[in-house]
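Q: Construct the entire structure; sequences and hints are all you get.
Quick mapping for you: the protein sequence lines, in order, are chains S and G.
To convert, note that position 76 of the first sequence is 76 in this note's numbering; the numbers rise steadily by one, no gaps.
To convert, note that position 73 of the second sequence is 1073 in this note's numbering; the numbers rise steadily by one, no gaps.
Wrong hints could be hidden among the right ones.
Away from chain G, derived, C-beta distances all over 12 Å, residues of chain S [claimed, not checked]: (1) Ala207; (2) Pro255; (3) Ala258; (4) Asp259; (5) Phe276; (6) Ala337; (7) Thr364; (8) Leu395; (9) Ala423; (10) Gly431; (11) Ala441; (12) Ala469; (13) Ala482; (14) Met524; (15) Val528.
Distance ranges between label pairs, derived from CB positions [what the hints assert, rightly or not]: (16) G/Phe1031 x S/Gly116: 55 to 61 Å; (17) G/Thr1118 x S/Gly285: 46 to 52 Å; (18) S/Leu435 x G/Thr1118: 56 to 62 Å; (19) G/Ala1006 x S/Ala338: 42 to 48 Å; (20) G/Pro1020 x S/Ala457: 44 to 50 Å; (21) S/Phe390 x G/Asp1123: 32 to 38 Å; (22) S/Ser191 x G/Thr1118: 50 to 56 Å; (23) G/Ala1075 x S/Ala152: 35 to 41 Å; (24) G/Ala1016 x S/Leu208: 37 to 43 Å; (25) S/Leu284 x G/Leu1014: 40 to 46 Å; (26) S/Pro133 x G/Ala1075: 31 to 37 Å; (27) G/Asp1130 x S/Ala257: 45 to 51 Å; (28) G/Thr1118 x S/Gly357: 39 to 45 Å; (29) G/Pro1020 x S/Pro168: 38 to 44 Å.
Everything labelled a hint here was simulated from the structure, so no lab data went into it.
Note that beta-carbon positions come from the ideal geometry of N, C-alpha and C, so glycine has one too.
Each chain, letter by letter, is given below.
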Amino acid sequence: MTTSELLPDGGRGEVTTGFPVGFKAPAASHDAPAHGHSHPASEYYINNHLTFRVLLHRAEAGLPRQPSLAAAAGVGDASVLNVPTPHDHEKDEDPGWLVVGFEVEPCSVAREALGGLPPYDASSDREAASDAPRLSHAVRCAPGGAHARIAAGETLAFTYSFRFEASPIPWNQRWDAYLNAGGDSEVHWFSIFNSMLLVLALGALIALILARAVRRDLLTLELGAGLEAGGDANSRTVGEDAGWKLLRSDAFRAPEAADWLAVGAGSGAQVLCVTFATAVLGALGFASPASRGALLTTALLLYPLSAGAAGYVAVRALAWAHAGAGPPGGPPGAAAAAAVAAGWRTAALRTASLLPGFAAASATAVNIAVRFSGGEASGAVPFSLFSALFALWFLVSLPLALIGGYTASRQPPPSPPCRCCSAIARHVPPGAPSLAWTALAGGALPFGAAFVELHFALGALWQQRAYYAPGFALLALLLAAALAAESAAVLTYAALNAEEHRWWWRAFVAGGAPALYAAAYVTMYAAVGPLNLTGFAAVAMYSLYSATVLAAAFCAGGALGLAASLALVNYLFAQSKGD
Amino acid sequence: MSRRRAQGGRALALLALASPCARAFYIPGAFPNAFARNVTLRVRVNSLTSDEAELRHDFYSLPFCRPPGGPKKVAENLGELLAGDRIATSAYAARLAAPGDAPPADDPPALLCQMRLTADDADELRRRIDENYRVQMLLDTLPVRHAADCAHDSASHSLTAARLTPNR
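A: Following this line, the structure appears as structure tokens:
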């Protein structure tokens, strides 16, 4: 029997690893109740007998073999590092065997059914002997047989046997059974492809509409077709009533809380760097299922290293936010230079601390929740790991962010196409879409591009389902990023047309809105979806870790949205500078 | 001048590789391990997993057999540690028997260890079974799969006595 034969044929069977510790079953009649206690309705039984089935495939001649390594290192450990030595091949002709499958049939067998057990010796309680003594006869693992009961004072015997079987599975396909998400994986890929094409088409359509609208606006400007100021302010028809042309002196007005916007943009840039670098490495094949934790380790190490980019982007965003201030005709960029000189250190430090601080707070809260619900568990972050990550942050992130910020502060201040004339902001007529609508509209398309990948990622993170489609993940991320930027730009254009000149935060929220959709999806996944969380600690872990990742995603999307909108606004006013 | 630098760098690299102290190695799992007859295959254990109570528990937090000399932790990378993997050695081991010369089907199994459960042990076990915890084992970086999972929908977690299948 081979592993591939055991795959479910079209059923919903999700591939998961491991076997249950034990089970609960109605108490069998021959299980005598202990010490006159009332007969319990159900009993717990432990899987104490394991029948391992190891699938072997003949190795090709020429592979470095274990015995010589074992002889050299003095150990017979099966998973020791494979050091190829050149003189292996000349030894005897048997090329050896490769492990291509590992299965187990666990069983609960009562002590009475195990023949030939030596008497229980308290001095070797739960200590395995170096030579495993054999029982007197084979163990029958029948459903109706007596099972090993779990009760205080019960004596348990753990037994096992190995079966070695030949298998036609080649070594490079041995992980296929683990990665195959049931018999209908082809349907999954087809539906992913389908949704991506749809989303791509919609995105292209929207880009086309925006391009036409902008071109029409600029054409109207050139032909000298003026626009009555009191025109149809309620109309939001794109291109017909280009309200943005009225905003020459307000479009680059500094936003409220500009320094926090800069921090958000910088954090987002850092998250984008890490995400795309990790996705590319994953797509290139560096994240094989055999190298556990490789992807997460890569991401964790890349994060501090990209703090330089974070600091740089944060300070540049600060410069841009203040670029339009000051009277026209005055020294260009004086206000921006002043703001940057005063605030680059704060911006860089805040950027380096925002998301890592959030992550640290979440991890601490999860640790507290775990301790509180009565368990020392290895799922929560142990202190040594915490300190290592903190050291990484302190020694790498902080200095790099400051260096990035300093580099940006030395750049000449940006020169926007138009400046703010008056100290009083122009009155914004009612009719602009609210921030909530902006978020709703901005998040839909990018989320649509990536939600299937999100589903698989959640399954991999929380349900030990193997997920190995890094190419698709990269594609989905690229598409989502492009659409987030595009949606934000379109919504900024719509807001400007409605004479809403406070577009900075709006653009950030529009770009980050897919994370809000993802938050709803993640909540639904746990509340009514396949995930069934029990216990306060599990819920705390799920919500806090998800919140951290979603905050990072929000910043990333926001940074993209802000960048795209800034480019659009620059373009619009630069092109219309003629008058 | 840059050409000289490149040549110098190349020479240095060659020198480093030719040095007898230099040893290259493959990342575990990236290159096939070929095992000969009678080599001892040792199973490693990972922390317990549960899809419901997401916390991972150390394998040896439950009363399972310890290998002689005690379990040894296996070095892990940052990602594994953060994900909750705690890989350690276990007492389960066997000498590789080539499929051709397999022992007869009624070969008696081996005894790992015996133990007496304390009240705490029993409580801990019952709690883990209620939360549907699964034991994770590894052989040559390959995780163990439950043979019954392949035929059953894993959505229903309680394995009643009737679902145990006899040895084939």
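Q: Give me the numbers of the hints this structure contradicts, sorted from smallest to largest.
A: The structure conflicts with hints 16, 24 and 25, although it agrees with all the remaining ones.
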